[in-house]
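Student: Could you put together the complete structure from these sequences and hints?
Protein chains: 4
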Amino acid sequence: MVQDEKFRVGILGASGYTGADLVRLLVAHPNVDIALMTAERKAGLPIASVFPHLHSLDLPNLISIEEVEWPAVELDVVFCALPHATSQQVIKGLMHATNHSLLDELIMETPADLAASVPGDVRVIDLSADFRLRDVETYAEWYGRSHTAADLQNRAVYGLTEWNREAVRGAHLVACPGCYPTAALLALLPLLKAGTILGDDIIIDAKSGVSGAGRSLKEANLFVEVSEAMHPYGLGSHRHMPEIEQELSLVAGHNVTISFTPHLVPMNRGELETIYVKLAEGQDAASLKAVLEKAYANEPFVSVLPGDTAPATRMVRGSNHCVLNVFKDRQAGRAIVVAAIDNLVKGSSGQAVQNMNVMLGLEETTGLMQAPLFP
Amino acid sequence: MVQDEKFRVGILGASGYTGADLVRLLVAHPNVDIALMTAERKAGLPIASVFPHLHSLDLPNLISIEEVEWPAVELDVVFCALPHATSQQVIKGLMHATNHSLLDELIMETPADLAASVPGDVRVIDLSADFRLRDVETYAEWYGRSHTAADLQNRAVYGLTEWNREAVRGAHLVACPGCYPTAALLALLPLLKAGTILGDDIIIDAKSGVSGAGRSLKEANLFVEVSEAMHPYGLGSHRHMPEIEQELSLVAGHNVTISFTPHLVPMNRGELETIYVKLAEGQDAASLKAVLEKAYANEPFVSVLPGDTAPATRMVRGSNHCVLNVFKDRQAGRAIVVAAIDNLVKGSSGQAVQNMNVMLGLEETTGLMQAPLFP
Amino acid sequence: MVQDEKFRVGILGASGYTGADLVRLLVAHPNVDIALMTAERKAGLPIASVFPHLHSLDLPNLISIEEVEWPAVELDVVFCALPHATSQQVIKGLMHATNHSLLDELIMETPADLAASVPGDVRVIDLSADFRLRDVETYAEWYGRSHTAADLQNRAVYGLTEWNREAVRGAHLVACPGCYPTAALLALLPLLKAGTILGDDIIIDAKSGVSGAGRSLKEANLFVEVSEAMHPYGLGSHRHMPEIEQELSLVAGHNVTISFTPHLVPMNRGELETIYVKLAEGQDAASLKAVLEKAYANEPFVSVLPGDTAPATRMVRGSNHCVLNVFKDRQAGRAIVVAAIDNLVKGSSGQAVQNMNVMLGLEETTGLMQAPLFP
Amino acid sequence: MVQDEKFRVGILGASGYTGADLVRLLVAHPNVDIALMTAERKAGLPIASVFPHLHSLDLPNLISIEEVEWPAVELDVVFCALPHATSQQVIKGLMHATNHSLLDELIMETPADLAASVPGDVRVIDLSADFRLRDVETYAEWYGRSHTAADLQNRAVYGLTEWNREAVRGAHLVACPGCYPTAALLALLPLLKAGTILGDDIIIDAKSGVSGAGRSLKEANLFVEVSEAMHPYGLGSHRHMPEIEQELSLVAGHNVTISFTPHLVPMNRGELETIYVKLAEGQDAASLKAVLEKAYANEPFVSVLPGDTAPATRMVRGSNHCVLNVFKDRQAGRAIVVAAIDNLVKGSSGQAVQNMNVMLGLEETTGLMQAPLFP
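Chains A, B, C and D are the protein sequences, given in the same order. According to the working numbering, numbering within the first sequence proceeds without interruption in unit steps and concludes at 375. According to the working numbering, numbering within the second sequence proceeds without interruption in unit steps and concludes at 375. According to the working numbering, numbering within the third sequence proceeds without interruption in unit steps and concludes at 375. According to the working numbering, numbering within the fourth sequence proceeds without interruption in unit steps and concludes at 375.
Check each hint, because a few of them may be wrong.
Which copy is meant is left open, so a pair is good if it fits within one copy or across any two.
Said to hold, decoys possible - Okay, derived cross-link-like pairs now, DSSO-like style, lysine-lysine, Cα gap no bigger than 30 Å in a straight line:
#, residue 1, residue 2
1, Lys42, Lys92
2, Lys328, Lys218
3, Lys92, Lys6
4, Lys289, Lys6
5, Lys92, Lys289
Rather than coming from a laboratory, the hints here were simulated on the basis of the structure.
Tutor: In structure tokens:
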């Protein structure tokens, strides 16, 4: 443990909502100094020019990525909150710039070996979708383009901390899961692994607050379009599908295909997934719940709610928690698993900080124990 | 057609949200005079005392139900927007009070015969849950009490207008469907009837605005509890389940059991249902869509959206429309049907007025062709 | 009265929120056919491509303004819902194109004479800010550019219907008031005219829903920026200020300068103005209220609420009503006047239709008597 | 400084929104243990039964106030978040129960003396309105009842920390200001004290989120009544008026009477005040701003925004900050001061913790430096 040490971190793409939440969490983190923040169109300005709510913080001005002097800035950790496609190019570049051993060496024995072999190298935590899919063909199929850092892609560690803690610890490039996959996988992985649910016929009905759509200017995200309304989107085509399937398949030991339908809900933050599963022989809602309780008994950020309390997004607003519960389905042989997270925290920036803590050997909960903001 | 005729209508329970929306629709209806409105705790006061937004309308003062002089008031139609359990007692009473032939006669051949035999009798349109379940035991099981007007229960016509138009025409007691069943049945009945989907394994993930919870004082409905948040409720136990199953079973010809999970969404009005179905042999999303298009080709209030436009609640806000569409599911053998309505209009008061139009021999769309209110 | 006549109307700029609300009102209007709708970027497409909620209506496809064949289309009325600056150019053009007598003749005796002298000419109802300020220098000062149709500007009639009914009747070009001025002037004009308040030291604290900002893509109007938040904007510089001052000065008989501060509120529709006024000698809140009650006793769209009921935007949602009330101020010599309207209806499209009704000799309330939508 | 010391605190009335926010702040406070929480109707249950979002925290169960064994529980600080009227009785009782020297002694020289003379006594921080008004007659006039702890009333310190820091330091009973007074006084006190504005004709137009209304069951606070709507309330009669006047008068040196009109806004948290002031001779907006900048130059929780950035509630959501700015008014001799706070934090629980820090000799910002939650 390195309780008093301070690490220098940079945030690439600090002017989006993910960037804002990274700043919120990192300024309160006792072992971190924010040494660098980039934002292309706002380079040269203070962060308050894009986020007035951060006006009272003592932070460096925004710069352009091209202005970064990589070795000189001596970062320990880089958070990359850039748009996908951009992210892979920037990360490739910065690893070259920092003469990163990941690119040089050809053989990695274990993550621990790697970590040991490259002391001092910058750790990269990517919040984009660019390094989540290990298979370059799957990537190309869903994103309509070839990956430009394919050599890095299959070496990135998938940063669902609770499931990949050891790999994250030694990783130099962590791909943080998407918000929808985070909730879905936390709910489903223990059940699949324990063999209590079937791998086929998993139906995920997901609902998200609007911050998940980012800060880009689209008519669909205008207040008046969204407020007092809701609708599904990306039916059958949302890019979080292959990511969920990749991780479920890994645990199931065979290819898993899911139904996944996201909906836009008039709230800033919050994500709820109602997951309809088929029970394995002899299982019921109670036995599934017992599996989840056991899996997360010692996890600080994942709770299985008591009794029939339904997970609600207000229980996790602004916090890194995930709340779960399992319910009896009226249809025999089925059960309903419900998960709620804050899409910007456990679904994005919070999990990124959680991964950073693991990578740096800090207490995993450092800087992440804020109680939820309710009301 | 009786274009210029004026009918006298009464609204029992005018101080709830359903009552408010009935008033909104009926004051604009060219063939109706609102002759009576009741509200127990506000008896003696003008409607503006409970709904200031109705202050500029010329309407009778609220009275208590006990004050109603049934024969003297000479109503043609009574809308009953009372809480369930209360509703059945009041309707039984008023039918006695008006010496309603429904209670006297023993044999009904057809609804048309009935209509012919009791000219002048008051028509009752019930918006509560009391007369929706035809089976008294199912009623007792789900509502935890015996029905006190069991003789009326199995003679009430289930007022899903598009499907029961002829029966509604001759009915003296119409039970308007619940809001969730309305959307679910409009989406599923044509598909089941055409044999394009399987009757088992239907999963309905439903999302509703808060007005569906009524105006009663519950902590769970306070602004601060609901705003900027969402959650499921009534998991496995919502009373709209047996109602949906009853009607699906009727068309399927066998007992249908469904999964149904409602969610509370921070909006005043609107209801969205995302329905996961299993395809019959040889079917796909396109063939299901063709069935819906054919079924509703001539229906003024039900539309199948073109292309892959997703139904959204903002498309039907304040209107009596239902919008539908069908989507390919990533899982083979499945499709996703989506339906959106305004829970207070097509899901309640609008459908009640639609039924009234049919019962009175008026053009079915009279007073119901408002364009949706967007923004 | 011409109850059965049908007039042909066109909507220029049908793809904005104002356009959407014009369509909503005009499709329900018994004396109108929508013969033409323009939208530059969506020319050639059905209106449902920009407003899916209008999908079930039978309307002409969108076209570009340049495609309009002005004389051939034979419009009786044109609603111009274009951005300011564009509006003046288009209106100038269309009046030339239709060989409009307004441009040719040099002498107008009275509006009635004018109306008589140009039968058949298209009537133009402008919803932009372009023809609201009669003084070209004031226009240039506040809009930072010279007016390009200055000859038309001072002949436009200011369409605050309740105050300019006779002028509107004969007008060929009506400039509909801004939303903020509509509420402010309905509240203040009777009081100033009756001499019950002082012309100086009028403070208008205004709050508006987000639809007032239009459908253009600005970060400030994204859901996440606005929801669960509020703030003032345009402090000391909002362009509705000179418009309010112009009309107040006219009635006061001297130059009136006001304080006016608008605020953005997280709701789609609705506008509330809390107006702090100084009482003239011998006046109090009750005497002011009496003046308003008398002024609007016969107005169908303006109500003074009874007792101390506070005007609320929910009382007028979706309707053409304005609700007013006056309250005692704790400071001696002051009173508080409160006004609420729906910014898109009485504040924009509804008032435009009201003006159309007057211009065409129809009953003023035709098509505008919808009850408010609450909830 | 007592950086490592732990103090035992109790929260009376932990089941309201103020209580929830106290818990949120105090569990993250390094020098505090929550030793006791009361809630009458939920006595015996865990806090998660009233606030599921707090389920993962390790906290004592709720008990009834009558169950508290005052001396035995050995509290250093009691936060009293009870309804007014109840608060005064409970505080009187607990001071007797703890044999509090405040009640025994007759002469207090200075707060500092007092603090010195009663080491070990419990410090009471009241968040109700009960001890804010020093004059018992004013209290009786506005609250319609005699104060039952009048002897304590005039000895309570008004806990606007930035203005009463020294008195708070020695206080045994602090009355935390109301949310509206907090924002108003932070904006106005420096200006009045510096003589830059006139004491008469101050108009405060205030807007608040719904959490300010508390968690009690009132129809007016139901989601459907509030959402997508806004309105003023308590016109001319809100009880925060005399509180604001009391403090302004103290600084002005003469009786100040204000106009104050609060409005309910559809958001959970946040409070904005737009204050219209008259300038003293020779003053303008810039000179007022300079006064505020100087007054708060070293205050950690109050900021004057740069340039013409308008204060917005989203800048302070969930944080203890107050943001201020001053704007030129179009009317000569006037200016507009705008203040934004989070009504539950700086307007209530946060300021209470700030006062606790001062009373206990801790760094004033301890546990209160969370960045605002945006989005």
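Student: When no copy is specified for Lys92 and Lys6, does a C-alpha distance of 30 Å or less occur within a copy, between copies, both, or neither?
Tutor: within (26 Å within a copy, 49 Å between copies)
Student: For Lys328 vs Lys218, is the C-alpha pair at or below 30 Å within one copy, between two copies, both, or neither?
Tutor: between (40 Å within a copy, 26 Å between copies)
Student: Regarding Lys289 and Lys6, is the shortest C-alpha distance of 30 Å or less found within a copy, between copies, in both, or in neither?
Tutor: Neither way: Lys289 and Lys6 sit 40 Å apart in one copy and 38 Å across, limit 30 Å.
Student: Could you figure out if Lys92 and Lys289 sit no more than 30 Å apart (CA to CA) within one copy, between two copies, both or neither?
Tutor: Neither way: Lys92 and Lys289 sit 42 Å apart in one copy and 46 Å across, limit 30 Å.
Student: When Cα atoms must be at most 30 Å apart, do Lys42 and Lys92 count as within-copy, between-copy, both, or neither?
Tutor: Answer is within: at 23 Å inside a copy they meet the 30 Å cutoff, but 41 Å across does not.
In this structure, the hints that do not hold are numbers 4, 5, in rising order.
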